[in-house]
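Asker: Residue strings, one per chain:
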Amino acid sequence: GAGVSQSPSNKVTEKGKDVELRCDPISGHTALYWYRQSLGQGLEFLIYFQGNSAPDKSGLPSDRFSAERTGGSVSTLTIQRTQQEDSAVYLCASSFGAGTSSTDTQYFGPGTRLTVL
Amino acid sequence: AQSVTQLGSHVSVSEGALVLLRCNYSSSVPPYLFWYVQYPNQGLQLLLKYTTGATLVKGINGFEAEFKKSETSFHLTKPSAHMSDAAEYFCAVSAIRTGANNLFFGTGTRLTVIP
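Read top to bottom, the protein sequences are chains A and B.
Each residue of the first sequence is one higher than the one before, starting from 10 at the first, in our numbering.
Each residue of the second sequence is one higher than the one before, starting from 392 at the first, in our numbering.
Just so you know, not all the hints are guaranteed correct.
[To be verified] Residues of chain B clear of chain A, computed beta-carbon distances all greater than 10 Å:
| no. | residue |
| --- | --- |
| 1 | S405 |
| 2 | E406 |
| 3 | V410 |
| 4 | Q433 |
| 5 | K440 |
| 6 | A445 |
| 7 | T446 |
| 8 | E457 |
| 9 | S461 |
| 10 | T468 |
| 11 | S471 |
| 12 | N493 |
| 13 | G499 |
| 14 | V504 |
[To be verified] Part of the chain B face toward chain A, derived, beta carbon under 8 Å:
| no. | residue |
| --- | --- |
| 15 | A392 |
| 16 | S394 |
| 17 | T396 |
| 18 | L398 |
| 19 | Y430 |
| 20 | L435 |
| 21 | L437 |
| 22 | G450 |
| 23 | F454 |
The set of hints was computed from the structure by calculation and includes no laboratory data.
These figures come from a predicted structure and were not determined experimentally.
Beta carbons are placed, not taken as given, at the ideal position from N, Cα and C, and that holds for glycine.
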């Protein structure tokens, strides 16, 4: 079956603009994660959704960042008033559950490369 | 708090030589540990993971890792490197036992295989 897909694959924007990044998880996966991969910072957790529960937003770096997940499937990460330090690859992952059994492995999408000029 | 440290941002080995990528972790609770690989322009792929039980974990593509609590390590090894192993490798620890579900990643090790 299809893996995790993300769009766009590349996004170039000007400082101060808002951007939306999209993630389509694997069908049937209840858990969805956003991570950010940037030079010098490695991979950082941003936000986590599990079913209909309130999301874990503990990794969001500022209130300019928000995410939603509609209908328990597709997720959109929104960055408002982008800054140059927001430039990074934004990775989405999904898992069937949210534990540590073999079905709970996080499967990653190819990422969206965001460049803020 | 959970964190991992990967020693060596770049590792070069000759084709056929042993691959050893180092990872040390810090965790306030018994850790769940993972190795992921990232090929150019691709997403992360799980190589192997340790949760409980046997401390020597075998993964895909001939890789394995051993959980050593006394050394707080989870080094990744492969007896004989192949050209196709050239990629970036990430060690990660899960916060699952603290009630969270996210992964904490190391900064990655880029493996180069010399023909």
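Asker: At 10 Å, judged by beta carbons, does E457/B keep clear of chain A as stated?
Answerer: Fine: 18 Å to the nearest Cβ keeps E457/B off the interface.
Asker: Taking the closest pair, is the beta carbon of N493/B still more than 10 Å from chain A?
Answerer: violated, 4 Å
Asker: Is the Cβ of S405/B farther than 10 Å from every Cβ of chain A?
Answerer: Given that every Cβ of chain A is farther than 10 Å from that of S405/B, nearest at about 27 Å, it holds.
Asker: V504/B: least C-beta distance to chain A exceeds 10 Å?
Answerer: Its Cβ never comes within 10 Å of chain A, the nearest being 23 Å, so this holds.
Asker: Given Y430/B as an interface hint, is its Cβ closer than 8 Å to any Cβ of chain A?
Answerer: Violated. Min distance 10 Å.
Asker: Take a quick look at E406/B and tell me if its Cβ sits farther than 10 Å from every Cβ on chain A, holds or violated.
Answerer: holds, 28 Å
Asker: Taking the closest pair, is the beta carbon of T446/B still more than 10 Å from chain A?
Answerer: holds, 15 Å
Asker: Does the interface hint hold: is L437/B within less than 8 Å of chain A, judged Cβ to Cβ?
Answerer: holds, 5 Å
Asker: Quick check on the hint: L435/B CB to chain A CB, less than 8 Å?
Answerer: Check passed: Cβ of L435/B comes within 4 Å of chain A, closer than 8 Å.
Asker: Checking a non-interface call: every C-beta of chain A should be farther than 10 Å from the C-beta of Q433/B. Is that right?
Answerer: Not fine: 6 Å to the nearest Cβ puts Q433/B too close to chain A.
Asker: Quick one, is the T396/B hint okay against chain A at 8 Å, beta carbons?
Answerer: Hint violated; T396/B Cβ to chain A Cβ min 11 Å, cut 8 Å.
Asker: S471/B clear of chain A by more than 10 Å, beta carbon to beta carbon?
Answerer: holds, 26 Å
Going through the hint list in order, the structure does not satisfy hints 4, 5, 12, 13, 15, 16, 17, 18, 19, 22 and 23.
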